[in-house]
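Chemist: Given chain A, work out where chain B should sit, using these hints.
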Amino acid sequence: NAGVTQTPKFRILKIGQSMTLQCAQDMNHNYMYWYRQDPGMGLKLIYYSVGAGITDKGEVPNGYNVSRSTTEDFPLRLELAAPSQTSVYFCASSAPGTFSGNTIYFGEGSWLTVV
Amino acid sequence: AQSVSQHNHHVILSEAASLELGCNYSYGGTVNLFWYVQYPGQHLQLLLKYFSGDPLVKGIKGFEAEFIKSKFSFNLRKPSVQWSDTAEYFCAVRPGGSQGNLIFGKGTKLSVKP
Chain A
1 NAGVTQTPKF RILKIGQSMT LQCAQDMNHN YMYWYRQDPG MGLKLIYYSV
51 GAGITDKGEV PNGYNVSRST TEDFPLRLEL AAPSQTSVYF CASSAPGTFS
101 GNTIYFGEGS WLTVV
Chain B
1001 AQSVSQHNHH VILSEAASLE LGCNYSYGGT VNLFWYVQYP GQHLQLLLKY
1051 FSGDPLVKGI KGFEAEFIKS KFSFNLRKPS VQWSDTAEYF CAVRPGGSQG
1101 NLIFGKGTKL SVKP
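In the order they appear, the protein sequences are chains A and B.
End of the first sequence sits at 115 in the working numbering; the numbers just go up one at a time, nothing left out.
End of the second sequence sits at 1114 in the working numbering; the numbers just go up one at a time, nothing left out.
The shape of chain A in the complex, shown without the other chains (with noise of 0.2 Å):
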């Protein structure tokens, strides 16, 4: 069972370049989410998925894009590379249910260094 599979692990970018993070989970799970990590602070969401075809902002979204055409598959696009872009990224799924126990299971994040 891979849980949730984050890729690349490493990349650096020079600023302007775009990419894009894939995260994918073989554990059916309906919501889906992108956080960064940067030093010394707190994860912040970016952005969020509550199903296929459905995406929500969350707290930091600007400079990023995200899609979810099916429910395993939820990339992350950055499309204008920014040096406040540097950060580790962990993408992260849950199953849907109040009282299911819903634990969010993350990847193992992908550090990204924008020069």
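No lab work stands behind these hints: they were computed from the structure.
The calculated PhoX-like cross-link candidates involving lysine-lysine, where the alpha carbons are at most 20 Å apart (straight line), are:
#	chain 1	residue 1	chain 2	residue 2
1	B	1109	A	44
2	B	1069	B	1058
3	A	44	A	57
4	A	9	A	44
5	A	44	B	1106
6	B	1061	B	1113
Modeler: Quick look at chain B alone, frame taken from chain A:
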């Protein structure tokens, strides 16, 4: 705005010492509460969670946390730490107790000296 406060940025302990990491949140309604741990170079893993019922929650690796509603707190404890507990610990709150956004604290780095 809803927020989660972790009082200590970095805690240094010797092996066998007792641990308590503070976590307070600002939301007056129903909440789901979590503690996650991130070992060096690894992803976030769930330590324990509270949804309802007994406010003293037991987690993995000997950790426990107590939900005190009147104090809006969910402190993490362990009676005797080990070197392998060296990691960063994140408290997280889901306001409303429903599926949706988690709000994370800034994290507390724990260093355990052998």
